[in-house]
Every structure is written in structure tokens, then in C-alpha cells.
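A.B. asks: Quick note on the working numbering: the sequence shown kicks off at 257 and runs consecutively.
In short, the hints are calculated from the structure, not lab data.
No experiment lies behind these values; they were computed from the predicted model shown.
Glycine included, each C-beta is placed from N, C-alpha and C at the ideal position.
Among these hints, one or two may not hold up.
Quick list of in silico lysine to aspartate or glutamate cross-link-like pairs, EDC-like style, CA-CA up to 16 Å [claimed, not checked]:
#1 301 x 277
#2 258 x 587
#3 581 x 357
#4 301 x 560
#5 301 x 567
#6 301 x 284
#7 258 x 284
#8 421 x 357
#9 335 x 275
#10 581 x 567
#11 258 x 567
#12 421 x 396
#13 258 x 396
#14 301 x 274
#15 306 x 576
#16 421 x 449
Okay, the calculated beta carbon distance ranges per label pair [to be verified]:
#17 472 x 579: 39 to 49 Å
#18 263 x 399: 14 to 24 Å
#19 577 x 332: 26 to 36 Å
#20 553 x 329: 32 to 42 Å
#21 309 x 267: 16 to 26 Å
#22 507 x 301: 45 to 55 Å
#23 263 x 451: 16 to 26 Å
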Amino acid sequence: MKAFVMHGYGGPDHTRLEEVEAPAPGPEELLVRVVGAGLNPVDYKIREGKLRGVVSLPSPAILGNELSGEVVAVGAQVKGFAPGDRILSRVDKGRMGAFAELACVGASTAAPAPTSIPLVDAAGLPLAGLTALQALRMLEAGPGRHLLITGGAGGVGTLAIGIAKHLGATVTTTASPRGRDLVLGLGADAVIDYTTTDLTTVSERFDGVFDLIGGDTLSACFGLARPGSTVVSVAGMPEPRTAREDLNRGPALQALFWVGSMGVRRQAAQHDVTYRFLFMQPDGAALAELVTWLDQGALRLIIDRRYPFAEIGQAMAVLEEGRAKGKIVVEMG
């Protein structure tokens, strides 16, 4: 089968399309004929080696963290799925493998595919959707809660706006003039133009913040959150809790994250705000919930563009530019 394979850490020249042996499903896995694969910043961060202390991978390794497709075979202990089922999955983090014609996914990470959109497009939902949902649940999104979501026009941001609105929250987001109409169309109640507005000058205070940008934007978010509230980020430094609870790792990584996150935790404490780094977990049941909302029309999945599998290298280059509005997906053909 064809797969997009990483040979060691580095730039785009460390990846290529090549023929590899097809995988065989384990007892709790599904073998899937991949129809679509979603692209995410974590894909090139893994290739660059930025997550080597967090995600352990073989070398060479097939990249790709989310997919949609048709079940070809099921493991002996799998219940609830059968050959011919159309599914989507945020694959297990230690395995990846979505950028291939065939992939194995844990049955617990899979959900029936939506019926309201093309199967190839459904590949853009799992990682971004679960990231947004888990962050918003940490922030207790719901009626009476006014939340700030930074980077609202991106893959995670577009879904986060829709989920937050579906849960009943009021949403302010940041976007450029190019993304303004998009985020308003998704239900955002207010938009801060980050190209002309210094976030540190914003007087509004929010009941919680979901940060997708990091850096100076994350620093500003602590001053925008009400005292006693929480700032959740996927772009800041992991905390010791991330190593202990999310990665099940010992004191060495906990100490590394403690030192690395010291500055951001200090900023949070200065504003009487709790900082939480989100290390999203695959969850088939939560993914099924997102699919239901999508099919009911409560959510919109924004696809920026589609590429054939043969052009996945070009698709990754566009992703790395950081200008996509919504998700980029690859169609396996």
C-alpha cells in the first residue's frame, strides 16, 4: 500500500510517499480503507521532533492523526463495528498511520461517520472537534458563560465556536478581517481584530479562555480572564499534570514540564487564573456526539481545501503557512 512515511526528524525532506506493508489489526482494532485524512499542526510538529519527548514512535513512521474510511476487517474482541461500516477516528497517539491507504485504529477511538457530509470531509472532524469539545468542557461552556476563543478561523477554532454556541455560551473570538465573516457566520457574538487591536488593551473580562495561538496571545489571555477562572491552551507549555495524568509518565518528564511551564504558570497566578494545558485524548463516544450534532445541523465543519494523496507534500506545506480557514483534508482516491 502507499503511505506518507517519516524517516527521522527534520524538515519536509524527511517525508515521502512510498510503498509499505499493509498493517494487520490487533484484537481490539479496526482495519480501515482510508478515504480521507485530516491534516493538523501536530503532524509537522511530530516530523520536526518537537514532540519526541511526548510521543514515542518507531522509525520509519507513517504520519497522520485522523481519518475517515470504510472498515475492512475487525479484531477478534471488537464489538459494535463490522466490515463495510463507514467510520472516522482520531487514531491512537502512539500509532498514527492515517496518511496511508490502509490503517489500523482502536475501536474505542472510532465512531460511525456522519451522513450529512462527504466521507472524505469527515476526516477533518476528529482531532479538531475533540480538542474543542474537551477544552470547552474544561471551561464549563454553557448558558450564562462568556468565553474568549483565540484563533477562531482555524481548524479547531471554527469548531470551537460552533460547539460553544451549541452548548449555550456567548462567544468572543479573535480573527483577521479575512476571517471575520467566517466566524460571525459560525455564530460568534463578537470579533476582536487581532491585526489592529492589542489584546492587552481590551477591557472585557471573560468567564474562561480557550487559547489556540500561544506566545504573546496566551500571555494576554491571563489578563482577559476573570479572577478565579481558567485559561485552557493547546499552544502553551505542558504542565507537570500533563506528564502525570495524560501521559502516565514519571518524575523526569514531570520535572521537565514543571520547569518549562514555570513562566506561564506564574503569569496565571499573578491574575488569579488557573492555567491548563490540554493534551487531547482520543474518544470514540465523544466523537459520536460530535457527529450527531453535525448531522443535526448544530455544527458546521469548514473545509478550506482538499488535495489528492499524491499531493500530500504540497498540502502539508500549505498547512505550515498557517493561513488555512478551517481544515485541510487529503483524499486517498
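A.B. asks: Next, verify each hint and record whether it holds.
C.D. replies: Status of each hint after checking the structure:
1. 301 x 277: violated (25 Å)
2. 258 x 587: Roughly 13 Å separates the two Cα atoms, so the pair holds.
3. 581 x 357: Judged against 16 Å, a Cα distance of about 26 Å means the pair is violated.
4. 301 x 560: Distance of about 20 Å is beyond 16 Å: violated.
5. 301 x 567: violated (19 Å)
6. 301 x 284: violated (28 Å)
7. 258 x 284: violated (24 Å)
8. 421 x 357: violated (36 Å)
9. 335 x 275: Violated. Residue 335 to residue 275 sits at ~31 Å, over the 16 Å cutoff.
10. 581 x 567: violated (19 Å)
11. 258 x 567: Given pair residue 258, residue 567 holds - Cα atoms ~13 Å apart, limit 16 Å.
12. 421 x 396: holds (12 Å)
13. 258 x 396: Given that 16 Å is the threshold and the Cα spacing comes to 43 Å, the pair is violated.
14. 301 x 274: violated (21 Å)
15. 306 x 576: holds (14 Å)
16. 421 x 449: Given pair residue 421, residue 449 is violated - Cα atoms ~20 Å apart, limit 16 Å.
17. 472 x 579: 39 to 49 Å: Violated, at about 19 Å.
18. 263 x 399: 14 to 24 Å: Since the Cβ atoms of residue 263 and residue 399 sit about 51 Å apart, the hinted range of 14 to 24 Å is violated.
19. 577 x 332: 26 to 36 Å: violated (44 Å)
20. 553 x 329: 32 to 42 Å: Check passed, 34 Å falls within 32 to 42 Å.
21. 309 x 267: 16 to 26 Å: holds (20 Å)
22. 507 x 301: 45 to 55 Å: violated (25 Å)
23. 263 x 451: 16 to 26 Å: At 39 Å between Cβs, range violated.
Comparing the model with each earlier hint shows violations of hints 1, 3, 4, 5, 6, 7, 8, 9, 10, 13, 14, 16, 17, 18, 19, 22 and 23; every other hint is respected.
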